[in-house]
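Chemist: Each chain is listed here by its residues.
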Amino acid sequence: MRGLTKEYVLQRFLMYLLTIWLGSTLIFVIPRLAPGDPVSEMVGRLSLDAGYIENADKLIESWKARFGLDAPIHVQYFRYWGNVFRLNFGYSLSHFPTEAWTMVSDALPWSLGLLTVATVLSFSIGVTIGSLMGWRRTPRWLQLILPSSLTFTAIPYFMFGIMLIYLVAFELDWLPATGAYSRRVDPGWNLPFIKNVLTHAILPVVSIVLTSMGGWALGMRGLMISVNNEDYFLLAQVKGLSPSRIFFRYGVRNAILPALTALALGLGGLISGSILVEFIFAYPGTGYTLYQAIISQDYTVTQAIANLIILVTATSVFLLDLLYPFIDPRITYKRNMR
Amino acid sequence: MTVGQRAADETTTPARGWGLNTWDSPWLNFKFLLGVAIVGLILLFGLLGPLFWDTDLAYTGAGPLNKPPVWQEGGLPEHPLGTESNGRDMLAQLILATPSSLKVGFLAAIIGMGIGMVLGSVAGYVGGWWDHVIRTLSDSAVTIPALVVLVVIASYVQMTDTTAMALILAAFAWPGPTRLVRSQILTLRERSYVRMAHLSGAPALEIMFVEMLPNMLPWLAASLTGGISVAILGATGLEVLGLGPTRVPSLGLIINQATTNAALVRGLVWWWLPPIIILMVIFVGFFLMTIGLDEIANPRIRQFSSTRRERTAAGELPAVEHAGLRGGEEEDAALEVDDLHVHYFTPRGEVIAANGVNFSVRKGEILGLVGESGCGKTTVAMAILQVVQAPGRIVQGEVRIEDQDLVSLSGKELREVRWRDLALVPQGAMNSLNPVTPIREQMADAILAHENVGRLEVEARILGLLNDVGLPERVIEIYPHELSGGMKQRDCIAMAIALNPQVIIADEPTSALDVVVQRVVAQTLLEVKERLGVSMVMIGHDMGLQAQLVDRIAVMYAGNLVEVAPVGSAFSEPLHPYTQLLIESIPSIKERKPLNVTEGLTHDLRNPPPGCIFQFRCQHVEQICRERRPELVEREDDHLVACWLYEPERHSLIELEEA
Ligand code: SF4
Chain A
0 MRGLTKEYVL QRFLMYLLTI WLGSTLIFVI PRLAPGDPVS EMVGRLSLDA GYIENADKLI
60 ESWKARFGLD APIHVQYFRY WGNVFRLNFG YSLSHFPTEA WTMVSDALPW SLGLLTVATV
120 LSFSIGVTIG SLMGWRRTPR WLQLILPSSL TFTAIPYFMF GIMLIYLVAF ELDWLPATGA
180 YSRRVDPGWN LPFIKNVLTH AILPVVSIVL TSMGGWALGM RGLMISVNNE DYFLLAQVKG
240 LSPSRIFFRY GVRNAILPAL TALALGLGGL ISGSILVEFI FAYPGTGYTL YQAIISQDYT
300 VTQAIANLII LVTATSVFLL DLLYPFIDPR ITYKRNMR
Chain B
0 MTVGQRAADE TTTPARGWGL NTWDSPWLNF KFLLGVAIVG LILLFGLLGP LFWDTDLAYT
60 GAGPLNKPPV WQEGGLPEHP LGTESNGRDM LAQLILATPS SLKVGFLAAI IGMGIGMVLG
120 SVAGYVGGWW DHVIRTLSDS AVTIPALVVL VVIASYVQMT DTTAMALILA AFAWPGPTRL
180 VRSQILTLRE RSYVRMAHLS GAPALEIMFV EMLPNMLPWL AASLTGGISV AILGATGLEV
240 LGLGPTRVPS LGLIINQATT NAALVRGLVW WWLPPIIILM VIFVGFFLMT IGLDEIANPR
300 IRQFSSTRRE RTAAGELPAV EHAGLRGGEE EDAALEVDDL HVHYFTPRGE VIAANGVNFS
360 VRKGEILGLV GESGCGKTTV AMAILQVVQA PGRIVQGEVR IEDQDLVSLS GKELREVRWR
420 DLALVPQGAM NSLNPVTPIR EQMADAILAH ENVGRLEVEA RILGLLNDVG LPERVIEIYP
480 HELSGGMKQR DCIAMAIALN PQVIIADEPT SALDVVVQRV VAQTLLEVKE RLGVSMVMIG
540 HDMGLQAQLV DRIAVMYAGN LVEVAPVGSA FSEPLHPYTQ LLIESIPSIK ERKPLNVTEG
600 LTHDLRNPPP GCIFQFRCQH VEQICRERRP ELVEREDDHL VACWLYEPER HSLIELEEA
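If you read the protein sequences in the order shown, they are chains A and B. The first sequence begins at 0 in numbering that gives the first Met the number 0 and counts up one residue at a time. The second sequence begins at 0 in numbering that gives the first Met the number 0 and counts up one residue at a time.
Simulated from the structure, these hints should not be mistaken for lab results. In this text, a Cβ means the ideal position worked out from N, Cα and C, and glycines have one as well. Wrong hints could be hidden among the right ones.
Stated by the list, open to error - If you anchor each label on the Cβ, the simulated ranges turn out as follows:
#	chain 1	residue 1	chain 2	residue 2	range
1	A	Leu321	B	Val117	48 to 56 angstroms
2	A	Phe325	B	Thr186	39 to 47 angstroms
3	A	Leu321	B	Lys411	54 to 62 angstroms
4	B	Lys411	A	Gly178	50 to 58 angstroms
5	B	Leu64	A	Pro191	39 to 47 angstroms
6	A	Thr150	B	Thr159	33 to 41 angstroms
7	B	Asp331	A	Leu321	41 to 49 angstroms
8	A	Thr150	B	Arg518	52 to 60 angstroms
Said to hold, decoys possible - Far from chain B by the CB rule (all over 12 angstroms, computed), these chain A residues:
#	residue
9	Leu16
10	Ser61
11	Leu86
12	Gly187
13	Asn189
14	Ile308
15	Asp327
Claimed, not checked - Here are some of the chain B residues that sit facing chain A, going by a computed Cβ distance under 10 angstroms:
#	residue
16	Ile143
17	Ile152
18	Arg417
19	Gln426
20	Asn433
21	Thr436
22	His449
So here's chain B without its partners, still in its complex pose (with noise of 0.2 angstroms):
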């Protein structure tokens, strides 16, 4: 997972039912709902059209011949549109053939999904041979140029009605919906939620109906439209070609005949341009469909586009209101987080990820930042690195290295500052390098970015770094996928240490890899600490871990800091309920105890209560908790913690607000 999408996994949830009788639905997206209301507009004119006018017009010899339309001069009101050197009456013509090209579209488009549902289920389902059968020729039959095949078909078999031509076309339409479906089901297959009905014994039909469906129904509604547009345009090219069916009317056979009959040259635009006019504006409405649905399917288009309104409409740079007192200002920290607000615009409302996040990192130290999934301690860990991803951003707050806001920073100074102060070990090593650079460039780059150095030495400083967390120096020119889990995370630390930062941010390092994999990678960066004497900031979940790594421990909860304390009073005498919570579920081997998980989910954190945000969980829950929210307070030696079981003057506090 990247951390784009862990970011996103605190807003968004998977898609359940059909989610079309909510005003709140994603459907109701503009392109997607102006595509359908101009395709259906053309429908109308279609449908309607042969009950307000004389549809016979529309064939030999109904009028004069070559009249302009009315508005021109020669037009006659008889003939609105004009006729053509036939005498047919064009707006005739218009009515009776707009609906059977669209018909060819739907029928073609709708064949051609149902046969690439059925393959891409049994490829993405059944797998195996199978699926290598109907991938490898999904594959190549989409490779072949379909119009050829069509007008080498067209030119042997007569197509006498529309009904014909669509089930030719949907000969060369299944490829896409196929390779589609095949994908989703792939990628769905590996969702929790569809895991979990696997296991519970569900029918694979009903997977596939009540839990895959339903999520994969914008990819399909996009693949479907843009597979009418293409049936549409391959049929308008066959008439286009005078290979259609000759009999029926249709919008390419207009064009046809107005072209062999030199319509462009003897300006008969009337002629030629209607058609035209109609097919632009269905491929245009099919198009918007297309989008918007591509928008509905992929939420991060959507997210990307509508941050960059609201940048728009905010002015540039995110408005930051600086904390006026620098409080807990200490004289040896390395890092200095300050009031730190981090909110996540999304559509259904501020998600507030960090509430007023308070804590500093000393020289030398290591400070673990701990708390459950989804507790903003990833959030926090980006607003340090000034890399929030869209749709969150910073609203308020300072982050101190040596004297200097990173937040205020313009891009090149904060460039500057990158690396050379602070450095990442990223949690995702897997997807943390570069794919297709060698390792060699992926750390070059970011000593060449800092520091004016030859070659030669970079290459000897490399070799160095990998020296120094123990990966053997053919590394160098290896590309990341050669590289197992371990080597990665490693190779990251050592990219870490380049450029002898003043901090390091190690989020979640060992949490993807196995427990063996584990410990090699925590001595490597205790190591690494040691020598440089670097302060380092351990994200991770895993208290056991962190007990064993860091020497202070900051906990987090609900964006909210509710206890920071050195290692060991933590865990002797955590003082927080919640912290004590984390601390009883750390799994032992000497005693067997019974799993202690409190049920009761964390608030919307789109609204946080007022009063503590632990209140729906904890359990010495009273009436202060309720009303008003507990400061983060030093209540023992360098041990803070934001409870009001601990404020001996609590029962006063509110006695006196009833006052």
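In isolation and in its complexed conformation, chain A is listed as follows (with noise of 0.2 angstroms):
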């Protein structure tokens, strides 16, 4: 029947829990498969930038020991999936009192903030446009314009952003290009922070939503064109309803619902794609930290942000499943179906 079963969400539960866990073992094993360890590559690294180190081997041993590396692999495993259930990573290596933690709970908000909104727009902006290509009714100078909105869809969001620096912020001078909000103004609840976080997010908003609403345009346009074929689309003609009953009742309310799945499982895509935009605009996201953390060859802090980035993805997929029972009546019988 409709709504939520035991049955169903102890399932999505399952998928969630999987999701997450085949992440997470990415993340430890990858590394421990490639020929050396993280632990001799980082003092390998450090000695190409220092020249030499004395008793790298000594300093490997003790690093090794400390990270609980010298543990047999299983141990290891254990070890790191208690860590990642208590959220706890360690310090942080490059900034050593603080802890790893709390540097990724810094920049969460600002990466869950920006993607938020730009996901949102994207998505319905994308859905709009795509709706109004597949409908045979939409207006012929519409029609003929709704294409040219398409243009970005091919070129990834970084380059874009590159794009929009260089023009928007460096030659014309309109907005800043880089950061969350500027030096000059005090972070807290005032008028001038959020007007200043507000023009700093423009320039990374616009080109996430620009070049990733053509795909779901796209992709809307396809599941409209399929809806005007279906029989229940055709009665609704024959019952003489009106466009924009048809239009929004019986063509987006059912195209929309493959284009939501797509979303759920497009957000991995989504997320990765903004690790590049706040490099670019030097966002101070978990993107970017994971960035810094990565280049500063700071372990814990990649392995805390790298674990939390693939719970957000995977808790935000999780919500959208538990929403979709509610839009598609079907979904619990399909399920069965299938």
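Starting from the two chains in their separate frames, assemble the complex, guided by the hints.
Modeler: Laid out in structure tokens, this is it:
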């Protein structure tokens, strides 16, 4: 019947756990599969930078002991999981007394804010454009204009970002190029600060929205065209319903369901892309922090952030999954059928 | 099957073989070919570049620092695209970097596709536990943000060359193809020609490669080109972050060096812009290929855009010529179809689905419209309802209810007539109810679109209607998927009589149901008709069922009406050879007779032959049949037929012509 069934929630929750397990395990396993180990690699790089490090072997041993890398691999794995569960990743190596988790949680709101705004905008604009493009009754002038909104679809976010920075920030000097806010303003809930944050967010958001909305539009167009051919769509026309009712109630309402699934599946890609956007715009979110952690070989922060991003992605997908049965009454039924 | 698909079935056949060698091939898609050309040019630049330019200049200290391109002030001819802060020549760097970026993309996507095809086939073919595991794994793998994991990996593993990077990227490229191959196999497995191959005992691998692969090819290709650009994007992302191979030149690495050296602020445009431009061109190329392939794989998209173009060219409204003379106008007709021509404008020619169809439905009468599938009866129904699907169009004719020609009505006027005067009981009751809204809402919106009544009254009326068709009241708040096929069909009947229409079109109302349910639905239809005195057009191919339900019967063959007669004389004394064939083929329990199926296909609907359209299958064909088309003429009382056999003068007619 309608709404959430226990079975469905349980199924989705297991899926959620599986995703987190898979992602975190990848992060744990792959470095260990590689020739050499993280510490030797790190020390190796340090000695490359410094030219020569005294007692490199001893340093490696002591670091390994500190990170517990001398234990057998399954012990390491269980310890790692304990840490992931308690969100305890130890101290940051590059900003010593700070805990890795603190650095990460400072960065998280920036990323979440930026990405939520950008995703909501690009999804809703894209879906609107796509629905109109896939509907036979859309006015002709609109159908001629709409495809032009897909112009930037093929360009990756970050390249578009670089060009935006060059044109809008440096050449025209309209908007700030990098950062989340200027040093001049006092962080806090005051108007100048909020205004400052918003102006800094414009370029990153625009570069994500303009380059990703076309994908949604194209997908939605295809879905809408299929719905156009459905029998219930035809019956709605024959019933003499008003075009707007047919469009929303029979068209968009049905076509959007697979698009929402695609949104859940596409979140991973979106979040991946945002790392580069944050890098290009030096935006102090998780992506940028991850980049800096990697550059400064901050092992603990890297792990913390990677796990956090996987956690956030999986959680958003899980939430979307929980919402889904309310939007599609067939869902529990369909799962049984498949 | 939806109505759109049924109409499309009249024009398309499944892909057999690779289909690449014909000029008529769907692969000649403009977007796809343009994309191939763009990527090809970029590849040529990378491959042929070293023959014309000294690529050693790509390394540190090969030239002066920060020189702009030659067309700018201070540019040097020996460094046509300028140099960067380490004195490396930009042109040489780009020549070396381009093919390596492409190589990573191809390699990673092809490996991912290979893994995906194996896993997807196993999941789709073997099914069961395997399917479950593979599906769950790929579903969760696809939600993991790949670049995050990649970045972490790259920070530990020094990627020395592009092959290593491609291998790591491939680990993230398999879920997409896996899901695609699995769902394609599940869909294709249900197609009749694949089932046939199964039944004939062909081995699974042969079915996979001979029957399925050609049909999956456009999808796979679209997934591959999409995968390549995603892989290039991933690789470039790592390079831009400085985490790719640092000793091999790559486009992302150039961008990384430019941004870390503040090329943006310093105005060294020629440093960061060219790699971005090349990458953008590559992405645009693959993007065009992907959407081109999408159109090849999903012809509806192509049809959709081509009809739009056609409509733009021809002006908004279809040009309809009105038949001047109102020939068969009858006094007591509820619905008149007059000289109706419907053509499908396919890329391979105009398919004539209805060719001058003339008939009328009298008040309170059920007219049966019969014929084999593909004969155009569904097209006629859709034309009466003014919902002919693109690429089809009513090119000529009138459809009149109460002296109002529906073909020439404007959208708003038509909306008023619809459902109030002309309702539909659809064929696919399965798919005719909006799956996401409860029954109440679907019935209410039909009423509310035409009458201004309050919520309470609507509710009461819906309950009354459900009662009329024998459905329990609780159906009102249920979703369609919770109803059985027969219940859905009865709900459709309830909906059709909601506004007490003049005419109901019933499009094979019982064909998808099992026999017992068929009875119930047919009974419901008859009751409703008796009570409301509504006129009906009953479309179907089941002659036995028609015999019990209809008052008059109209037989259609290849877009033409060949016989219209009261049901009694049509069955006792069928005139047209095709009608005779149809009636002979009704199975009977009392006498076992040989199944009499005439071989021979319907002619190509794009080029109807001169003369009678049934000539290739007719046993009585004569000279005149091949030369002149017989008209639908009343030969007996109220019994019309289009056949030369009943024209006593036929011999003198050709002699006349020959003379
Ligand atoms: S016109 Fe000739 S070919 Fe056509 S049905 Fe009659 S006899 Fe047969």
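Chemist: Given a hinted range of 39 to 47 angstroms, is it respected by the beta-carbon distance of Leu64/B and Pro191/A?
Modeler: Between Leu64/B and Pro191/A, where Cβ atoms are some 42 angstroms apart, the hint holds.
Chemist: Mind checking the hinted window 41 to 49 angstroms against the Cβ distance between Asp331/B and Leu321/A?
Modeler: The hint (41 to 49 angstroms, Cβ to Cβ) is violated, given that Asp331/B and Leu321/A are roughly 60 angstroms apart.
Chemist: Minimum Cβ distance from Thr436/B to chain A below 10 angstroms?
Modeler: holds, 7 angstroms
Chemist: Taking 39 to 47 angstroms as the stated bounds, is the beta-carbon spacing between Phe325/A and Thr186/B within them?
Modeler: For Phe325/A and Thr186/B the Cβ distance comes to about 28 angstroms; the hint is violated.
Chemist: Can the suggested window of 54 to 62 angstroms be confirmed for the beta-carbon pair Leu321/A and Lys411/B?
Modeler: With Cβ atoms ~43 angstroms apart, the hint is violated.
Chemist: Hint validation: Asn433/B versus chain A, beta carbon distance must be below 10 angstroms. Holds or violated?
Modeler: Nearest chain A Cβ about 5 angstroms off; hint holds.
Chemist: Compute the least Cβ-Cβ separation between Asn189/A and chain B, then decide whether it is above 12 angstroms.
Modeler: At roughly 30 angstroms from the nearest Cβ of chain B, Asn189/A sits farther out than 12 angstroms, so the non-interface label holds.
Chemist: Taking the least C-beta to C-beta distance, is Ile152/B closer than 10 angstroms to chain A?
Modeler: Nearest chain A Cβ about 5 angstroms off; hint holds.
Chemist: With d taken as the least Cβ-Cβ distance between Asp327/A and chain B, does d exceed 12 angstroms?
Modeler: Asp327/A not clear of chain B: closest Cβ-Cβ about 6 angstroms, inside 12 angstroms.
Chemist: Since Leu16/A was said not to touch the interface, does its Cβ keep a gap of more than 12 angstroms from each Cβ of chain B?
Modeler: Per Cβ check, Leu16/A is inside 12 angstroms of chain B; nearest 9 angstroms; violated.
Chemist: Against chain B, does Gly187/A hold up as non-interface, every C-beta pair farther apart than 12 angstroms?
Modeler: holds, 30 angstroms
Chemist: Between the beta carbons of Thr150/A and Arg518/B, is the distance compatible with 52 to 60 angstroms?
Modeler: Given about 59 angstroms between the Cβ atoms, the range holds.
Checked against the numbered hints listed earlier, the structure breaks hints 1, 2, 3, 7, 9, 14, 15; every other hint is satisfied.
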